[in-house]
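Student: Line by line, the protein sequences are chains U, H, G and C.
FYI, our numbering numbers position 177 of the first sequence as 181, with every residue one higher than the one before it.
FYI, our numbering numbers position 16 of the second sequence as 20, with every residue one higher than the one before it.
FYI, our numbering numbers position 204 of the third sequence as 260, with every residue one higher than the one before it.
FYI, our numbering numbers position 41 of the fourth sequence as 97, with every residue one higher than the one before it.
These aren't lab readings, by the way, just hints derived from the structure by calculation.
Small disclaimer: the values here were computed from a predicted structure and weren't measured.
Glycine included, every Cβ here is placed at the ideal spot set by N, Cα and C.
Hints should not be assumed to be uniformly reliable.
[What the hints assert, rightly or not] Below, simulated SDA-like cross-link-like pairs (lysine to any residue); rule was C-alpha separation at most 20 Å, straight line: (1) Lys162(H) / Tyr171(U); (2) Lys196(G) / Pro143(U); (3) Lys162(U) / Gly169(G); (4) Lys214(U) / Val11(U); (5) Lys191(U) / Ser195(G); (6) Lys168(G) / Ser195(G); (7) Lys206(G) / Glu256(G); (8) Lys214(U) / Glu123(G); (9) Lys9(U) / Arg98(C); (10) Lys9(H) / Leu135(G); (11) Lys162(U) / Lys196(G); (12) Lys191(H) / Gln130(C).
[To be verified] Here are some, though not all, of the chain H residues that point toward chain U, as calculated from beta-carbon distances under 7 Å: (13) Tyr141; (14) Thr142; (15) Tyr164; (16) Val225; (17) Val239.
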Amino acid sequence: MPVNKVVNNCDEAVADIPDGATIMIGGFGSFGGLPINLIVALANQGARNLTLIANMGGVGFELSHRIKPGGYQDLGILFENGQVAKFIGSVPALGGMPPTSPLERLHNEGKIEIEMVPQGTLAERIRCGAGGLGGFYTPVGAGTVIEKGKEKKVIDGKEYILELPLYADFALIKAHHADTLGNLVYKGTARCFNPVMAGAARITIVEVDKLVEPGQLDPEVVVTPHVYVDRIVEVPG
Amino acid sequence: MPVNKVVNNCDEAVADIPDGATIMIGGFGSFGGLPINLIVALANQGARNLTLIANMGGVGFELSHRIKPGGYQDLGILFENGQVAKFIGSVPALGGMPPTSPLERLHNEGKIEIEMVPQGTLAERIRCGAGGLGGFYTPVGAGTVIEKGKEKKVIDGKEYILELPLYADFALIKAHHADTLGNLVYKGTARCFNPVMAGAARITIVEVDKLVEPGQLDPEVVVTPHVYVDRIVEVPG
Amino acid sequence: MKSRLDEQTIALRAAGEFTDGSVVNLGYGMPGLCANFVPEGRTVFFQSENGILGYGSLATDTEKDYEMINASDQPVTALPGMCFFDSAVSFDMIRGGHVDIVVLGAYQVSEKGDLANWGRPGRPATGMGGGMDLAVGASKVIVTMLHTTKEGEPRILRECTFPLTARQCVDLIITDLAVIEITRDGLVLREIALGWTAPEIQAVTGAELISAADLKEIEL
Amino acid sequence: MKSRLDEQTIALRAAGEFTDGSVVNLGYGMPGLCANFVPEGRTVFFQSENGILGYGSLATDTEKDYEMINASDQPVTALPGMCFFDSAVSFDMIRGGHVDIVVLGAYQVSEKGDLANWGRPGRPATGMGGGMDLAVGASKVIVTMLHTTKEGEPRILRECTFPLTARQCVDLIITDLAVIEITRDGLVLREIALGWTAPEIQAVTGAELISAADLKEIEL
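For reference, chain U alone in the conformation it holds in the complex (with noise of 0.2 Å):
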């Protein structure tokens, strides 16, 4: 593990993403603690075939101007560049609005694969992938679709389905503030998904609001220890 973690820009961050990589994207939805400068630059350096773990699909650039006055970014950026070849997250669009996101129009036309993970059992198994276990059993799914070709087990009289850890190449998170080391802390809803998925990438990168020197970070208060992190890079807000 390198020591010096810290790199100029996002572009610099990303620049060996290959085609067919499995990413881990950070955050909730379209808003806070999404690594969108990342997300940004992953679009611009134009990887292609990705397969993206991420909570939410995002709405992309159309409807998110439809939505609201001047719109947003999200993660919709890389389904409009054809980036994706499969999604795997709890919500891939939006029941209930209306006109569909890109990821939902490329999955109607066939052009992307779906995995539809409910959310508690997607991050749990991006936390097995990250602490070496090799799955879970848990009530959630059963009787459902979600429990489709997966196998059951009845412990103490309650059914559960077995569920699979899940690994990337790469995650790209969010947060607040690093020291340079790659120590993470977060701030409020912002932290969702990118302290989960720090850990179960082979290379880590992160977004953060602002870069401190070792110590000036409460060793209390550390969300995400930096041994999960390898890639840092400081995008003031």
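Once you've looked at the hints, dock chains H, G and C against the given chain U.
Tutor: Frame of chain U; chains H, G and C shown alone:
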């Protein structure tokens, strides 16, 4: 859930623990993070036939005085008192250390049952109980005595064993500060098993150095959210 | 005159179920409105699955902070004793039974309490979010929804025809027309909207209702 | 004259394996001494399974703080960039392969790298602590131990006779007499203590040793 969780003293906090209860005890070994005042109260209260779930079995009064002038108190007192029928943990006794601890002596005499659990598996089994999961597959213990009687599964070419959740009737834990709602922060390495056990028991009782009002703990640094805490005792250090 | 509860009033009625000291999660859409209707004198701790416990009402425009939102992307206000955590911790809390009440929207509920609240025919890419976890994990599941579809078809059915969120999980249904409890004996009609009769509610319901002995007008 | 490395010197030799920037966990007993021997110019992040990453050397008597200890109950010193976490997080880190090197004590090691380091005949109540998790999870497992028992019996064997910690996990054995690497081809004798010959080391070893082409005196 009662909004007023603050109780007057440790005796009151453990008064209703019945004979035969399963009790998790936080901390790690003999120092740092052990809820020693709650343990002493439980010793005085006298409940018997207990199942204890803790990382280590402690050394007890006599042995601690041989190790260190003045000795120290740990959960060994509960074994010395003959209150325990079964111990579940990773280090019932330290191998290097004669004479034997109270737990080891009772075990040698056939008076106590021990379930040996690797330390990481112990933490994860407790977390599994707190998190509503049915079990997990771990590579730890495969090919050792730990796998005896457990289901084995090969996942992605690697051998795993199935470990099941642990639950308790009561958890006795130690934190540094609590607010009156039950949000907890810890100090240094005294964190260890305490946050893990909070939530895996029907009733979680915490001993804290200092009690503060809601709002006095930064929401970013709370380690144990208050939903996991049922009773709080302030024992100024 | 037959009245129907509007969304705000349905949320107000649902919030009446929040007991003092309870931990409550509010689902996407109408349930989120409940945050503004906690009964006076009761303390409720709102949990949102994106990783927050103990927030206050929805934020007004001037207070909006997108690093302080609920799972429906709505900015919320801070309260003393609040805390933040990550998604894995959040769902441990939910699956582990540490959330007392969840209020969810629904497309359909069956007479056994099966819930269908995420997938619709013709929209295969819409997802369940945290709904499955919440429906399985919360001690009490309250559904708020309109009693029928726009086309007047019942949403309360013998069997759900839409994809399930979870089996036998719903405890209470609150609609624009009625409050219905799901019991071992079946669907018990407890409260009805002003101007409606039990047979009229039965006529727009796709499963058999048992009228409660103390059937009354919806209490607000 | 035949020399034997003392415990401090074994720890010094083991610490020589710590690469720059590595995350290292030190087991109970002798391995803990390694914290005092990090080679100059290298940054090492010590992880201890009770929930600390990035501590410094062992504390002197005046610095002792029992809320700042390693997993052997030894007080340690603080370093900038240090952090604390709970036992579940700690073992996620360990099992998940985020600890680069672990140094463990041992009763026995087999020629295949099987490790026995916790249970002894006649002491059925002694436990494995975090040893199994560390042996399975760490990228590189270094064993430090005396080459033979007090009675002169070998501890490096074809098969372990004591209860196993984990199978095929040990990468390097450092004893008071030798440094032995465990390879696919077998046990490779890399370094020996001053005054000893390869046949003499073989005589106190219970499995076949392959002398390295560049066999040399233990480097410190």
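Student: Which of the listed hints are not met by the structure?
Tutor: 5 and 17
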